[in-house]
Every structure is written in C-alpha cells, then in structure tokens.
Amino acid sequence: MKTLKKLFALLLTLAMVACLFVGCAGDTPATDNTPATNTPATDAPATESGTDDVEPIKIGVLVADVSGEEALAFRSYYENYIASNYNVTFSYTEQLEDAAAEKSAIEKFAAQGCQAILSFSSADRATQLDTCIANGLYYAVASGMLDDAQFETYKGSEYFVGQIGPSMDTEYEAGYAMGKYFADKGVKTVAMYGAFIPNPMHVYRAAGVLAGLGMTYGGASEKDAIVGQIFGDQGIDPSKVGANGVELIGYFQGFGDTTFDELFAMLGQGPDAFLSVGMATTFFTDALNGAGVEFSDIDSFTSANGEAMANGKLVYLAGKYSSSIGPIFAAVVNAVNGHPVRDAEGNALSISQDYLVATDADSFAQYSTTDQGDSPIFSKEVLDTVIGENVSYDDFAALVSADRS
Amino acid sequence: MAQSELVKKHRVRELLVALLPIAALAVLFGALCLVVNIKGYRLDMYLKIVFNEGVVLAIVATGAIFIYSLGSFDISLGASTLFSATIGVMVYNASGSLPLMILTIFGVAIGCSLLSSVLASVFHIPVFVTTVAMMSVLSAVAAQIITTNGGALGGIGIPATVVAPLDNVPFKLIALAAFALLCVFVFDFTKIGRRLKFLGSNAVCAKLSGIKVNVYAIIAFVMAGLGVGLGAFLTLVYTPSVTPTTAGSIGMNILVAIVFGGMPISGGSRSRIYAALVGGFSYILLNNILKIVIDSGAGYGISQIVSAVFFLAVVYVTSMNYRTKLLPR
Chain A
338 MKTLKKLFAL LLTLAMVACL FVGCAGDTPA TDNTPATNTP ATDAPATESG TDDVEPIKIG
398 VLVADVSGEE ALAFRSYYEN YIASNYNVTF SYTEQLEDAA AEKSAIEKFA AQGCQAILSF
458 SSADRATQLD TCIANGLYYA VASGMLDDAQ FETYKGSEYF VGQIGPSMDT EYEAGYAMGK
518 YFADKGVKTV AMYGAFIPNP MHVYRAAGVL AGLGMTYGGA SEKDAIVGQI FGDQGIDPSK
578 VGANGVELIG YFQGFGDTTF DELFAMLGQG PDAFLSVGMA TTFFTDALNG AGVEFSDIDS
638 FTSANGEAMA NGKLVYLAGK YSSSIGPIFA AVVNAVNGHP VRDAEGNALS ISQDYLVATD
698 ADSFAQYSTT DQGDSPIFSK EVLDTVIGEN VSYDDFAALV SADRS
Chain B
42 MAQSELVKKH RVRELLVALL PIAALAVLFG ALCLVVNIKG YRLDMYLKIV FNEGVVLAIV
102 ATGAIFIYSL GSFDISLGAS TLFSATIGVM VYNASGSLPL MILTIFGVAI GCSLLSSVLA
162 SVFHIPVFVT TVAMMSVLSA VAAQIITTNG GALGGIGIPA TVVAPLDNVP FKLIALAAFA
222 LLCVFVFDFT KIGRRLKFLG SNAVCAKLSG IKVNVYAIIA FVMAGLGVGL GAFLTLVYTP
282 SVTPTTAGSI GMNILVAIVF GGMPISGGSR SRIYAALVGG FSYILLNNIL KIVIDSGAGY
342 GISQIVSAVF FLAVVYVTSM NYRTKLLPR
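Just so you know, the protein sequences line up as chains A and B, in that order.
Counting in my numbering, the first sequence runs from 338 upward without gaps.
Counting in my numbering, the second sequence runs from 42 upward without gaps.
None of these hints come from the bench; they were simulated from the model.
Honestly, I wouldn't trust all of these hints.
From the structure, some residues in chain B lie toward chain A, with a derived Cβ separation under 8 Å [claimed, not checked]:
| # | residue |
| --- | --- |
| 1 | 87 |
| 2 | 280 |
| 3 | 287 |
Below, simulated DSS-like cross-link-like pairs (lysine-lysine); rule was C-alpha separation at most 27 Å, straight line [unchecked claim]:
| # | chain 1 | residue 1 | chain 2 | residue 2 |
| --- | --- | --- | --- | --- |
| 4 | A | 395 | B | 253 |
| 5 | B | 89 | B | 213 |
| 6 | A | 650 | A | 525 |
| 7 | A | 525 | A | 560 |
| 8 | B | 253 | B | 232 |
| 9 | A | 395 | B | 80 |
Anything over 12 Å on all C-beta distances counts as not near chain B; from chain A, calculated [stated by the list, open to error]:
| # | residue |
| --- | --- |
| 10 | 421 |
| 11 | 465 |
| 12 | 558 |
| 13 | 568 |
| 14 | 605 |
| 15 | 628 |
| 16 | 650 |
| 17 | 690 |
| 18 | 691 |
| 19 | 725 |
A virtual CB, placed ideally from N, CA and C, is assigned to each residue, including glycine.
When you get a sec, could you build the whole thing from the sequences and use the hints?
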C-alpha cells in the first residue's frame, strides 16, 4: 500500500511534467536554445530574401542578454517586423554565459539548418567566427565590434559578413559628447557611475566622459592613455583625476549590496550632475529623481527612459534604437543570397554606427516614436535599398551614416 | 527461509535502483535521437555537441566523487577550473610551450584542491566552508587577471591553432576513459576507495579503526584536482579562451550530475564512480531535449523548471530504498 502511494505520487509528478511540456510547447516549430522561431507571415511579399515558395532564410541569433528592455526591443524588431516583411525565420539562444556556450549554440544552429548567425554576444568573437567558418555559416556582428586585430584576421573570410555598430571609438566619442554637454552647461561638481568597468565598452565611454569634462587621468588627456590606465586600475581612481574647472566629487561602479549606500553618500555631497556610462537608468532613476540631481546615461530609447526625461531629471541620453540592427540583417540576406557586400579589397563590412542623442522630451519622443511598430527608422522600404545584387559597400555606409535625427 | 527470501528481495530491489540511472541515461539518449529526428535536425552533429557539453562536466564530477564519498561538498570546483585555465593561458602566452601549459594547469588545479583540504584540516572548519571561500577568492583573482590582460577583448586566450588538433571526439573520449579508469582503479580496487567510503559512512568508527582522516581527505582532494586539471585543459581545447564566466556553472552542475547518477550526496558506501559519468551525460541530454522541445517563447527558464522537477523525481526514486531506514548509512 505504501509503495503504491509512492508510485502514485511519482506518476502525478510525471503527469505534471508532461503538462508543462504540453503547456509550454508552441504551435510554431521549436528549435534548440530558443525555439521561439518566427515563421514568416504568409502574406510576406516576394523579396530578395526569397519568395513564399522558397525555403525561408534561417538565421540563428546569439544573445547574452535576454531580459533587458533594449534586448527585448531588438528581438521584437526582428521577430515581429522583419520576420513579417521578409521570408526569414529567427532562432534565438537562451542567455549565453561563456565562450563554450556560444560555440555550442552555433553548432546547434548548424545542426538545425541555419544559414547565418547574428551575434549579440561577445564572450569570444574569434571562436564564434572560427565555429561559423568550420560549419559553413555566415556570421555578422549585430552589436559592438571586433577589435582591430580580430577584424584584420577575419575580414577576408567569405563567411564573415561584417559588423555594423558602435565601435570603441564611437563609444569614446559618445562619452566625450556627454561630458562636454555638462561642461558646456557650466556644472562645477559631478558624480560618476562607471557601470561595469572593466567591460571594454564602459571603459571607453568613461574615458570619453573624463576627456569631455576637460579632466585628465593619471596626467594623461589622450584617449589611448586614459583607456589603458582605466583597464589597469579596473576602474577610475578619483585621486588620479585632474580637475580643470569641473570637479569629480565621487565615483563608483558595479552593482551590489552597498551600491545604493555609495550612491546616497555621493548625492549627499550635492553634485551638480550625475553622469553614467550605462545602466543608471535601470538602477538609479527613482533615487536620482528623488534627489533632484540631473543625470545622464548611455542606454536606449525605452519607455522608462522617456518617462524619466519627460517627468524626471534625465537630461541627456545617448541611445540605441530598436531598428538600428536592420542594416546588418540586410547584409546577411545579401550574403546568403550569394552577393555579399565587400569593400574594394574584398573585405567584410565594417561600419561604425553612431548613437542618437536626446536632451529633452521632444527630441526623445521624436526618436522613439519614429522607431516603433510598423514604421521603424530602418523600415522595409529603407532596407530594400541595400538588399539586392548591385549593392555596394558605399551604399551601406551611406545608409548607416545618414542623419536619422 | 523467509529471511533469505527477504534478503533476496532486498538485493533485487537494490540492483534495480542501482540500474535505474543507467536505464534513465539510455531512455534519455533514445529520447534525444527521437526529438532530433522529428525536428529534422542533424543527429550526428547533436550527438557530438552533447558529448562536447558533457565531457568536461563528467570528468570534473568523476574526480569530485572522491570528495563527495567522504560526505564533503566542494562548491569551488568551477572556480578552480577557471583559475587553472587562466593561469595555463598566461603561462602559454609567456612561454609558448604547450607541455608547460598542461603541467601548469594540472599543478594549479591540484594546488587549489590541496589548499582547500589543508585549510579545512588546519583550522578544523567544514570543507564546505573553505570551498566557499576558495570559490570567491579564485573567481576574483581569475577575473582580475583576465580583465587586466584581456583589455578591450574582455578575455584572454591562446592561439586556436595550438589546441585545434585536439578538439575532436576521439581525443576527448580517450582522456575521459583514461581518467575514469584511473578513478575506478583507485576507488574500487585499492584500500583508498574502501577507506574513503568508510569515512563517509561513519567517520567516528573509521577514526577508531586507525584510519587517518587527513591523509585520505588529501588523497581525495588530489584526485578531484586531477579532474579539475583535465577539465580545465579540455575547456581550453574546446574554446581556447577564458572569460570571467568560463566554467561558472560547473560547481552546481556537478551536484546535479552526481544525484542524477544515483549517488547520495551524503557519500559513504553507496558512492560510485560511474554515477558522475552517467549523471553528467544524463543531465546534458535532458537539458538538450528540453531545449529542443520547449518553446522558450513561453518564457525563459521553463526548461530549468522542468529540469528541477526531474531532479526531485530522480532524488525521490533513488532514495526509495534507503530513505526510510533508521540508519541509512
């Protein structure tokens, strides 16, 4: 009797698991990693990416962030807008933790019949590329860029489609512009948040902020020298900051148990402004609004940031917009269709993409509302101008660098 | 007569429970083949992927069996793997010597393991506590080395061509088999294994019998260190770079693998080397099946929830024949 009870309990458990399977399984064909594969809309028009009687292009997407508002906006643009306008399916990974997970995910996409990989994950770009080349998959960097040495190594590979996104120089310039904005505004004291330094993107932005504020770091004022020292220090040491009209009264980075203590201690000193190189709008918006300190960030045009700019103290935002990943998709389609876009020497695309900057609610609304729903900045009409046989590198460069403001 | 029948019945039941993990592995293998075929994916590639995902976990977990058999718990093995690989990369980049890199990886791994053991012995604190401290220290030091030397890349690595010739199934299979055979020999055919199990079953009795606890604890940690070293090397063979998150999930996955393999966490006489191999690959197979079958559009983490339910079910089944006894050890 006792054993029967145990077996009955076990059967119930297994039944529960079976129910979970049934409940979780979608009607769409599932794929590994993220089975949320978007089947193309039946009324998708015939395009360079294929027609309805042609197999859709299958693209695997590597992601390291699965829950951030920006990451979700990117995904929505591909799965809802692009997939309904082109004959293409996207398969997403779950959150990739390290290089081994990236490599394994690419191999799974190859096993599933994907033709190309779009990467938002950067644990080891070189291994990602090597794995794609070994499996005959086209590869494109959808967020960030390879470092110069890596690009030199892979730029000639037929499977490397290219990279369109903010380069490290662009990150530095974004930080510089933010610092200069506040310096020009006449602030005298600032507090600074270094986000997740030594994340390279945050290091370059922070170096730019210091330079833009007219500060030196360890006596250096040149980009490379400042960046090198920040990498070496694993952060910014306020004692090494040389003030020049604007004083850095506090600095902190990372996020942990004592982060808010550090923030409030800093706000207690009454800085004129709080400058962040990332994530402040996610962590500190309420605290900064409550303290009445003007702040800035490099993030994206999300609804939460719009609210902070309209009704809070967010006064400067350098941001990405969801359809900024449209051009790299177009480049992938061209490559899969047999006419990849290369430069004059036959190398892969490498185009830096600037951030859009909003300094008030109106400019924020302009960028966010023009990049939503069925009418993104990189709409089908715009992307179609660079999808096809006779598209050049210059066409792509012109499209990406065109003023979107 | 009635008593011998009872004993016979008990033995049959124990045998069935012991075989259950192996049967589960076979079922999971069949299930993976089935779902991959239904989806129209390439089975040959999937089997290779599963092997690559499982081999490092299986090796590190196999070494960890020696520690777990004592009834101890080492949560720092993932951090040790990361730290060993990190130092190995640094040594290769300084010397350009692959043999030196391999020796360094094994030396560092065994050193880290021994340090945990010695700290526990000297300060008379539970091994679990020292390994928690080691995990924090090793992760932090490795992250510092990686980010300082990795610069804009965010990671450090060796040239892919150095280890590319070794990134194949036969080499990894040989490495796995050799290490497993060594562990089986030490654990099942020498007095070391018997005494480790004795210590895990009843440390007081073992001490009173003249068994030196510290000596056998050190041997157990050395064997675990060997597994960590081999795992760290194979991690570099698969991806010739390390980032602060490399091998981050191994520590907890070892625990899951050992339970999936049918071995009690309390160690003792029921400790089995094959539990790590069977459990490690079962866990990887289950994960892959769930990821193929479950639509993650329904929400991230669903596969982990289902995996956790399976975990509880496995623990329940494998503990059925000793859970209700007065003296389970």
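Hints and how they fare:
| no. | hint | verdict |
| --- | --- | --- |
| 1 | 87 | holds (5 Å) |
| 2 | 280 | holds (4 Å) |
| 3 | 287 | holds (5 Å) |
| 4 | A:395 <-> B:253 | violated (61 Å) |
| 5 | B:89 <-> B:213 | holds (11 Å) |
| 6 | A:650 <-> A:525 | holds (18 Å) |
| 7 | A:525 <-> A:560 | holds (23 Å) |
| 8 | B:253 <-> B:232 | holds (13 Å) |
| 9 | A:395 <-> B:80 | holds (14 Å) |
| 10 | 421 | holds (15 Å) |
| 11 | 465 | violated (10 Å) |
| 12 | 558 | holds (20 Å) |
| 13 | 568 | violated (5 Å) |
| 14 | 605 | holds (29 Å) |
| 15 | 628 | holds (31 Å) |
| 16 | 650 | holds (32 Å) |
| 17 | 690 | holds (18 Å) |
| 18 | 691 | holds (19 Å) |
| 19 | 725 | holds (31 Å) |
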